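**Q** As a plain string of letters, each chain reads:
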Amino acid sequence: MATLDLDWEDVREQLRTWREDNTRHSEEVVDMWDYCLKHYKHKLGDERWMVEEQVVVAGLDCYRLDVAEPSLVALNDQFPGSLRVRKLKAMRLEALERFDEAMDIYDSIIRQDETNSTARKRKVSVLRGQGRITEAIKELTEYLKIFMSDSEAWQELCDLYLKEADYSKAAFCMEELILTNPHNHLFHTRYAEIKYTQGGLDNMEIARSYFSQAAKLNPNNVRALYGLFMSCTQVLSSSKMSGPKKKETQQLATWALKEISDRYSKCRTNTMDGSKILETFKSLSIMDKA
Amino acid sequence: MRPAAADPCQLSAVFIILPRPRIFHIFPSAVLPGGRRSTHPPQPPPPPQQPPPLLPSYTMSGEITLSCPALAKMLLHAARYPQTAVSGVVLAPARGGGGGGGGGGGGAEGNSSTSTLPSVTLMDAVPLFHLQLCLAPMLEVALTQIEQRYKSEGLVIAGYYQANEHIRDNVPDFVALKVAEKIAENNNDACLIMVDNKRLCLSLQSAPIIVSQLSAEGKWRSKDKASVHVEEGSLEVVSTLLQRRVQHDVSDFDNHLDDLSCDWSNPQINKLLTTLTAAAARD
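Read top to bottom, the protein sequences are chains A and B. If you read the first sequence in UniProt numbering, its first letter stands for residue 1, the second for the next number, and so on. If you read the second sequence in UniProt numbering, its first letter stands for residue 1, the second for the next number, and so on.
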């Protein structure tokens with residue numbers, strides 16, 4: 001990683017992009033800070049404190065306390081008594097596995113500010129970090145009773161339910177997400193995958209319709225296309241289907257396979273043989289037609 | 001730079017879980033848990049304690065050998081996504097006639113009447129998922145493609161590996177058990193490999209894995225350390241790869257679904273490993 005050659009302004013731009021997109025690149029943030037930006041921190045102006053916060057979180061994420069702690073100290077000196085900095089201190093305690101102390105700090109933040117959602121969410125993370133999934137679920141459902149439009153929290157709840165193999169409740173969470181974000185093809189795909197996993201003809205038909213909706217919303221969604229093909233073949237293998245419906249499903253399956261083959265031929269790599277892959281899947285569908 | 005994963009559940013920094021699993025030993029000069037600072041560059045970790053076996057070890061068991069590519073791809077995959085659980089399959093040469101392979105029916109009779117399992121060599125591994133391990137459709141697609149792809153090379157799916165989210169968790173969950181059972185239906189010697197996160201570090205002293213196989217009673221029993229071997233020199237090679245951060249070049253099936261040009265068979269890793277093992281052999 002040639003971070004030593006990077007222009008500090010480029011690094012600043014990159015960190016800003018990651019901050020705005022809220023994506024997780026902890027290793028890179030730590031490297032960029034350590035090798036480059038930390039020497040220019042006085043040139044960052046007001047942005048410096050947001051960068052320091054980003055560095056603290058990234059440092060804790062990579063267990064680089066040597067990187068996180070100086071930034072945390074700098075933030076504390078600049079903003080004494082700030083709740084946001086207190087949250088970072090609690091995160092540091094989490095990294096050191098002093099979970100009870102971290103929980104106490106989050107509770108104190110919530111007592112001081114009832115509307116603080118991040119501290120409540122950190123409590124859920126503490127529980128998940130200890131492996132106490134059922135308690136984390138309970139805490140998160142309490143949170144969602146208050147902050148019911150928080151998409152991120154619904155996603156996390158779906159994740160937790162899937163860890164507990166509670167597919168029906170996970171599906172419910174995805175339903176909530178689809179209601180608030182009906183144009184997000186990823187939510188449709190995830191919901192369809194959960195329905196497919198639950199199994200049974202009804203769920204398979206629901207999966208098929210959500211996969212097709214996802215494919216409609218984003219024709220480049222390969223998961224949706226594969227999922228559509230798989231759910232169609234599963235539906236076809238069930239005997240209780242009327243003639244025209246069967247035909248329709250078969251056409252859908254054939255269309256999905258063709259779309260996948262087009263995608264493979266578009267990327268034109270010599271290692272991934274698209275036609276061979278399709279042979280495999282065509283044979284699956286032929287077997288089911290029999 | 002690969003396109004960002006199309007993860008509907010991309011979590012922001014608000015939900016990250018601390019302490020981070022699998023990172024404790026990945027970076028040099030990491031503070032060891034409990035606050036003891038290691039002042040030297042990668043110090044070997046304390047001798048690995050025997051991880052608690054799932055169930056009493058199956059004494060009359062066959063030997064399991066992992067080749068360098070299999071071990072490397074497993075550990076690199078786990079190192080690439082330290083914040084989440086990862087899974088994949090391992091491949092072994094197809095058995096010619098009798099024993100493993102072939103369809104399910106009457107499996108018990110197919111095996112020899114003694115309780116000794118034949119030895120298994122795991123030749124390669126294919127990393128599968130890091131987003132959601134427990135969803136069926138993409139898993140089915142992946143297994144079908146892998147079977148088809150490696151049939152011509154005489155390899156079959158011989159096991160499933162998983163690295164859990166938590167650093168101290170190396171117990172197979174329902175997903176691992178389900179998938180491994182499914183694989184075992186087609187292959188009697190199927191292995192269930194759990195990555196031991198705590199032992200994954202930059203200078204490996206022992207293979208950080210726990211291998212289990214199905215016993216006659218249908219329960220997964222972990223094999224004792226003496227029956228699990230790794231190819232000569234692979235621990236050093238894998239440690240070198242981890243130090244050089246090669247894990248960012250490993251593609252899994254999830255990456256492939258997001259960008260079809262990513263090759264989940266990772267031929268570049270195989271090539272790299274051949275070069276490194278040859279170089280090590282010369283020394």
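None of these hints come from the bench; they were simulated from the model. This structure is a prediction, so every number in the text was calculated from the model and none was measured. Misleading hints may appear alongside valid ones.
Claimed, not checked - Below are the EDC-like pairs computed for lysine to aspartate or glutamate, each with C-alpha atoms no more than 20 Å apart in a straight line:
| hint | chain 1 | residue 1 | chain 2 | residue 2 |
| --- | --- | --- | --- | --- |
| 1 | A | Lys216 | B | Glu232 |
| 2 | A | Lys258 | B | Asp196 |
| 3 | A | Lys266 | B | Asp259 |
| 4 | B | Lys178 | A | Asp159 |
**Q** Each of the hints needs a verdict: does it hold here or not?
**A** Results for each hint:
1. A:Lys216 to B:Glu232: Answer violated: A:Lys216 to B:Glu232 is near 51 Å, above 20 Å.
2. A:Lys258 to B:Asp196: 42 Å, violated
3. A:Lys266 to B:Asp259: 11 Å, holds
4. B:Lys178 to A:Asp159: This hinted pair holds, its Cα atoms lying about 19 Å apart.
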